[in-house]
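With our numbering as the guide, the letters of the sequence shown map in order to residues 2 to 602.
Honestly, the hints are just simulated from the structure, not real lab data.
Hints may be right or wrong, so weigh each one.
[Claimed, not checked] Here are the in silico distance ranges between beta carbons for each label pair: (1) L317 <-> N445: 47 to 57 Å; (2) E408 <-> G357: 34 to 44 Å; (3) E408 <-> H240: 43 to 53 Å; (4) L317 <-> V280: 18 to 28 Å; (5) G270 <-> A72: 47 to 57 Å; (6) R233 <-> A324: 31 to 41 Å; (7) R244 <-> H206: 10 to 20 Å; (8) R417 <-> V271: 24 to 34 Å; (9) I321 <-> G435: 52 to 62 Å; (10) R244 <-> A330: 17 to 27 Å.
C-beta atoms are modelled at their ideal positions from N, C-alpha and C, and glycine is treated no differently.
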Amino acid sequence: MDAALHERVAGRPVEEARHRAFIIARLVVAACVLLSAPLFLFFHGAPATSDCVLFLLAQIPLASVIVLSRAGDLRIARSLSIGGWLAMATAIHALTPGYDAFSIALLLVALVEAALTPDVGAVIVIEVVAIAALALTAGLNLQAPRELLTEHATTTILLGAPLFLYIAALVFGAVRVERARARAEARNDRDLMLLTGAVGDILLHLDRAGFVNAVLGDGRHVFDLKRDLIGREFFQRIHVADRPSFLKAVSDVVDGKAVATAAVRVQVGVARKAASEFVAPVFNSFEARLRRAQSHGEEGAAEAVLCALRDVNATLEADIALAAAHAAAERAATSNVRLLANVSHELRTPLNAIIGFSQMLATDEIAPSEPAKQREYASIISDSGHHLLEIVNSILDMSKIESGAMEIAVESFALRTLADQCCDMMQLKADQSGVTLAREYDENLGEIVADKRGCRQVLINLLSNALKFTSRGGTVKLLLQPVGNHVVITVADDGAGIAAGDLARLGDPFFQARASIERGAEGTGLGLSVVRGLVGLHGGSIAIESGPQAGTTVSVQLPLDCRNSGATGGPARIATIARLGAPPSAAVVVGVEPATVKKIA
């Protein structure tokens with residue numbers, strides 16, 4: 002039997018079962034015909050011409066087996082077999098009067114065989130057979146079965162036995178094919194289940210409209226797709242914005258494209274928003290890869306679309322994290338370049354002054370002879386040196402703060418006393434600038450636990466900035482006020498103020514507002530950056546309120562005991578408030594952030 006099977010069906014269990022059933026049924030009827038030939042000769046003697054024609058037509062099933070074994074095309078073999086039954090029915094009607102009942106039986110056999118053909122073209126064959134049957138029966142002279150059995154008993158048995166055996170073989174073959182199909186489908190489902198479980202995909206069989214006919218694999222439970230996805234359910238779960246691209250991919254595959262992909266967001270559940278009765282859908286991101294699925298081995302099988310659904314949430318999150326890291330690296334590189342340029346510029350100015358004036362004093366030809374001029378040059382060199390030292394110290398402090406190497410030495414001290422010391426240090430500069438330096442401390446303020454050196458640097462930097470940008474006759478005021486478990490240090494001035502466009506960049510290293518540049522004020526742009534870092538080390542925050550020609554108020558909020566502040570070591574957050582009107586007559590503590598506050602992380 003295996004030798005009669007064509008090589009094209011090797012390894013395809015369902016097709017092998019079909020070919021075996023076809024071959025067995027035709028071999029059974031061919032064997033019956035060959036075995037009945039001696040019996041016919043024994044009972045009827047030498048055959049007539051009509052008997053020879055019928056015997057040859059009875060070998061058509063055997064010929065169809067040979068065609069199937071050679072060509073491997075079941076359609077051609079079936080057509081030949083059905084055509085043989087029709088030809089034999091016609092020949093019996095034409096050559097053997099009185100046997101029209103056998104013609105009808107052969108027509109029924111042809112109809113049964115055509116009906117068992119799992120082919121779309123079988124419908125056409127059945128219609129042709131039915132038309133032929135009607136045409137034949139219109140002129141048939143049917144004889145009663147009893148007369149047929151009594152008058153032609155031997156012939157009836159010889160012709161009827163092969164037909165009954167053939168029909169039985171057809172039914173038996175159909176049962177075997179169906180069992181083979183069921184086993185193959187079970188095996189395919191098991192293999193697909195193992196495959197989808199290993200790969201982690203969901204396989205969907207879609208129709209041309211994109212609706213799901215079957216779901217393969219158990220991955221939907223992994224992706225929280227627990228509800229049924231059959232029919233329109235899966236399409237309705239796709240995000241509305243992604244449905245056109247999904248349908249476009251299905252259409253492309255149906256139109257002949259080998260593979261199409263679409264990124265879709267599929268609803269996997271709902272989540273209730275905090276302190277709200279409303280629920281929001283939860284979507285996961287999937288990659289849908291679609292290809293045309295043709296069921297090979299089943300003639301006339303309907304085309305479908307196979308969709309492999311893969312969860313790409315983790316991949317997208319990794320891509321986002323990678324992009325964020327890349328952007329952070331670019332920002333860091335840009336910041337380093339900008340920092341190097343700013344440092345070079347800031348160092349060049351005092352160094353040029355030191356080198357230039359020292360060379361003038363060291364060269365006899367150009368050295369001034371007046372002692373007053375010499376003292377002036379020496380003073381410029383000294384001031385430039387101190388300015389250079391200030392820049393270097395600020396850069397070192399910023400490096401320590403940004404690298405996390407800056408450590409604070411916590412101790413208990415009186416903030417009022419420290420503030421008085423800082424004001425006394427800045428009083429000379431205030432007197433030289435013609436600015437009034439006022440102090441106002443809350444009488445309930447006691448000692449705080451913090452880094453004394455860091456707090457001194459914060460106070461000096463804030464007071465220095467305020468005095469630098471306050472015109473002669475102006476006022477700079479220092480306020481200390483306890484607020485709950487914190488103390489607020491406020492430095493307010495009625496100077497030039499800061500434009501709203503510059504507020505967002507306050508605290509960036511080497512940034513100087515336009516007002517300071519226009520006034521020609523000396524500075525590195527590192528003072529507020531250092532303050533921001535030191536305040537962050539204490540777990541505090543900064544608020545700045547300012548406006549053009551409206552003065553500036555800087556409020557630093559520090560915990561009374563920084564050991565319990567939960568500081569992360571990063572720079573402090575700066576809240577900025579654009580001031581529109583004139584500066585207030587008395588500085589106030591910025592305690593509540595209005596809606597117009599801008600956050601600087």
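Quick rundown of the hints versus the structure:
1. L317 <-> N445: 47 to 57 Å: holds (55 Å)
2. E408 <-> G357: 34 to 44 Å: holds (39 Å)
3. E408 <-> H240: 43 to 53 Å: holds (51 Å)
4. L317 <-> V280: 18 to 28 Å: Cβ of L317 to Cβ of V280: about 24 Å, so the range 18 to 28 Å holds.
5. G270 <-> A72: 47 to 57 Å: holds (56 Å)
6. R233 <-> A324: 31 to 41 Å: holds (36 Å)
7. R244 <-> H206: 10 to 20 Å: For R244 and H206 the Cβ distance comes to about 19 Å; the hint holds.
8. R417 <-> V271: 24 to 34 Å: violated (58 Å)
9. I321 <-> G435: 52 to 62 Å: Given range 52 to 62 Å: holds, Cβ gap about 56 Å.
10. R244 <-> A330: 17 to 27 Å: With Cβ atoms ~37 Å apart, the hint is violated.
Checked against the numbered hints above, the structure breaks hints 8, 10 and satisfies the rest.
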